[in-house]
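Participant: Residues per chain are reported as follows:
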Amino acid sequence: GENVEQHPSTLSVQEGDSAVIKCTYSDSASNYFPWYKQELGKRPQLIIDIRSNVGEKKDQRIAVTLNKTAKHFSLHITETQPEDSAVYFCAASILDAGKSTFGDGTTLTVKP
Amino acid sequence: EAGVVQSPRYKIIEKKQPVAFWCNPISGHNTLYWYLQNLGQGPELLIRYENEEAVDDSQLPKDRFSAERLKGVDSTLKIQPAELGDSAVYLCASSLRAGVFNEQFFGPGTRLTVL
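Line order of the protein sequences matches chains A and B.
Residue 1 is where the first sequence starts when you use my numbering, and the numbers rise one by one after that.
Residue 113 is where the second sequence starts when you use my numbering, and the numbers rise one by one after that.
Watch out, some of these pointers could steer you wrong.
Claimed, not checked - Label-pair ranges, simulated between beta-carbon atoms:
| no. | chain 1 | residue 1 | chain 2 | residue 2 | range |
| --- | --- | --- | --- | --- | --- |
| 1 | A | 46 | B | 139 | 11 to 21 Å |
| 2 | B | 223 | A | 29 | 41 to 51 Å |
| 3 | A | 107 | B | 195 | 41 to 51 Å |
| 4 | B | 166 | A | 28 | 18 to 28 Å |
| 5 | B | 170 | A | 28 | 19 to 29 Å |
| 6 | B | 124 | A | 51 | 22 to 32 Å |
| 7 | B | 150 | A | 46 | 18 to 28 Å |
| 8 | B | 150 | A | 109 | 13 to 23 Å |
| 9 | B | 134 | A | 109 | 26 to 36 Å |
Keep in mind the hints are simulated off the structure, nothing from the lab.
Computed from a predicted model, the values in this text were never measured in an experiment.
For each residue, glycine too, the CB sits at the ideal point set by N, CA and C.
With the hints as extra help, turn the sequences into a complete structure.
Facilitator: Here it is, written out as structure tokens:
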């Protein structure tokens, strides 16, 4: 089955700096890669996603890049703010099969 | 539009007791997922339903866990008997349907503590 590894497990940055979280996956059939943000005690919420036919996608301060050959994808957050502090999960999915495998999460702390 | 609803939010039971969790997905969502989330880890799929059919239950420990989605809408996940290691957050999620629309909307989860 699919295996998703996520790094780093914790990340601390100063407000205004950039943050990068990386994930690797093993199943070349995976074709959809969502990122979820989970604030303490709350539900995971989708923040950005990318499909395998696209190399990069951007939405304001967040962007995701995908390298299908190397089987890795990354989340980039620029101009970080304290409210970006949360746990971020990546996932690798096979769209038609409805299967998603999640990484173990990255705890991002943005210091004011 | 209401999101995914789960109840209870918290449950504390003693080991060997039964427990049940309920989930009501977003209206019109055909696909329903139950996940287990241990502290410091990502969600792990237990079972996925397409309408009332369980299409992926390979990770469900069937000796003690069971689930149902009789009318293809709300769903119940049961553990009987509960063990100490079952302490975790149980997340329910739904999506419009597997395939094109795969965004999963999560419920708030049920935090289970087994003493």
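Participant: Confirm or reject each hint.
Facilitator: Against the structure, the hints come out as follows:
1. In this structure the supplied range 11 to 21 Å holds for residue 46 (chain A) paired with residue 139 (chain B), their Cβ-Cβ distance being about 19 Å.
2. Restraint check, residue 223 (chain B) to residue 29 (chain A): a C-beta distance of roughly 34 Å breaks the suggested window 41 to 51 Å.
3. Remark: the range hint 41 to 51 Å for residue 107 (chain A) to residue 195 (chain B) is contradicted by a beta-carbon distance near 28 Å.
4. The hinted range of 18 to 28 Å is satisfied by residue 166 (chain B) and residue 28 (chain A), whose Cβ atoms lie roughly 27 Å apart.
5. Checked against the given bound of 19 to 29 Å, the beta carbons of residue 170 (chain B) and residue 28 (chain A), roughly 20 Å apart, stay inside it.
6. As the Cβ distance of residue 124 (chain B) to residue 51 (chain A) is approximately 42 Å, the hint placing it in 22 to 32 Å is violated.
7. Checked against the hint of 18 to 28 Å, the pair residue 150 (chain B) and residue 46 (chain A) passes, with Cβ atoms roughly 21 Å apart.
8. As the Cβ distance of residue 150 (chain B) to residue 109 (chain A) is approximately 21 Å, the hint placing it in 13 to 23 Å holds.
9. Judged by the Cβ atoms, the range 26 to 36 Å given for residue 134 (chain B) and residue 109 (chain A) holds: they are separated by roughly 34 Å.
Hint check: violations occur at hints 2, 3, 6; the rest are consistent with the structure.
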